[in-house]
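Undergrad: Residue strings, one per chain:
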Amino acid sequence: MKRARRKPDGGPPRVVVGVARAEDLAAVVQLDAEATGLKKAAYWRDRLGWCAASPRDRFFLVAQRGSEKVGFVVGDVRTWEFGAPPSGWIFAINVKRSDRLQGVATLLFDAICARFRRAGVEVVRTMPSRDAQLVLSFFRSQGMMAGPFVLLEKRLDA
Amino acid sequence: MKLQVATRIAIYAVCELAARPGKQLSAGEIADRFDISVNHLGKVLRTLGRAGMVEACRGVGGGHRFRGNPRRVTLLDIIELFEDVGPRARRSPEPGAATHAGRALGRVVDEIDDMTRATLASITLATVLKMGQRGRRPGRLRAE
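Protein chains in written order, with the working numbering: chain A, 1 to 158; chain B, 159 to 302.
Chain A with its partners taken away, still in its complex shape (with noise of 0.2 Å):
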């Protein structure tokens, strides 16, 4: 990851992103749980774990000021059924509270979809829930529109 450097006024050090380490497990599962109210600490390690283990097509990047991790995202090239091709997918991305509105999770959606462009993929996708406004607002303001997949479910007790 790149050093932080200070902004030459002297003010907050700028954000800079980076591959995430083992080391930072504890502050995804904060930053995780500040959204989501849950602590799901196997989860994340286990994502983690997975994204190392294949670093040319799975992406676990974090979003650090100075010292501190301000935010995440998660992606990975996945290959379609239904005759399309790989494409990059984000599933999940995060932001600290304090933090957003400065362009920190531009700067994550910037960097997975450079290396989703180096794995040689040419889309991006992602399915946040149609009730998280602020998820879909974001992604929405990153110039993503409605793909031509059309997500359908079923309950099995029906």
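No lab work stands behind these hints, which were simulated from the structure alone.
The reader is advised that the hints may include incorrect statements.
[Unchecked claim] Away from chain B, derived, C-beta distances all over 12 Å, residues of chain A:
| # | residue |
| --- | --- |
| 1 | ARG47 |
| 2 | LYS69 |
| 3 | ARG140 |
| 4 | GLY143 |
| 5 | GLY147 |
[Unchecked claim] Residues from chain B shown here face chain A by an in silico Cβ test under 10 Å; the list is partial:
| # | residue |
| --- | --- |
| 6 | THR165 |
| 7 | ARG223 |
| 8 | ARG225 |
| 9 | ARG229 |
| 10 | THR232 |
| 11 | ILE281 |
| 12 | ALA284 |
Just so it is clear, CB atoms sit at the ideal spot from N, CA and C, and this is done for glycine as well.
Position chain B relative to chain A; hints supplied.
TA: Positioned in the frame of chain A, the structure of chain B alone reads:
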């Protein structure tokens, strides 16, 4: 989905004002830009003013100014000031709604309405302004 005229005028006006933060525009200037009736726009601006989305400044050089955060105000916020979207728009049951076919149709229409609301609630003014400027650049990663 077809938006009412007042709703479209409101979206145009708010976008025009939000694109110029802190700057005032007269109703005449906005009406000229979109080729709309200044009287109709005046009524729409009053509704937007009552909702706290637009501020009217009186006097010489007065006009209207956007109030709010363009990254948080969504299309749904504006539209719902003028019309209902989704199930609330269907106030009274339609003929045949209680039949098997009517109930099935109702579920399909509800699904469409839910998607419409979610889409409108996810698009902020900042995104609308960006969408107007954004062109697809060949060779770049596409976002879906």
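Undergrad: For each hint, tell me whether it holds in the structure or not.
TA: Now the hints, each set against the structure:
Every Cβ of chain B is farther than 12 Å from the Cβ of A/ARG47; the closest lies at roughly 22 Å, confirming the non-interface assignment. Look at A/LYS69: its CB is around 23 Å from the nearest CB on chain B, clear of 12 Å, so calling it non-interface holds up. With a cut of 12 Å on Cβ distances, A/ARG140 falls inside the contact zone with chain B, its closest approach being about 5 Å. For A/GLY143, the condition that its CB be more than 12 Å from all CB atoms of chain B is violated, with the nearest at approximately 5 Å.
With a least beta-carbon separation of about 3 Å from chain B, A/GLY147 fails to lie farther than 12 Å from that chain, contradicting its non-interface assignment. This hint is violated: B/THR165 has a C-beta 19 Å from the nearest C-beta of chain A, more than the 10 Å allowed. The criterion of a C-beta within 10 Å of any C-beta in chain A is not met by B/ARG223, whose closest approach is roughly 21 Å, and the hint is violated. The interface hint given for B/ARG225 is violated, since its Cβ lies 17 Å from the closest Cβ of chain A, which is over the 10 Å cut-off.
The beta carbon of B/ARG229 is positioned within 10 Å of a beta carbon in chain A (closest approach about 6 Å), and the interface hint is therefore held. Hint status for B/THR232 relative to chain A: holds, with the closest Cβ pair at about 7 Å, below 10 Å. Interface restraint check: B/ILE281 against chain A, minimum CB-CB distance 5 Å, threshold 10 Å, status holds. Satisfaction of the interface hint for B/ALA284 is found here, the shortest Cβ-Cβ separation to chain A being roughly 6 Å, below the 10 Å cut-off.
Hints 3, 4, 5, 6, 7, 8 from the earlier list are contradicted by this structure; the remaining hints agree with it.
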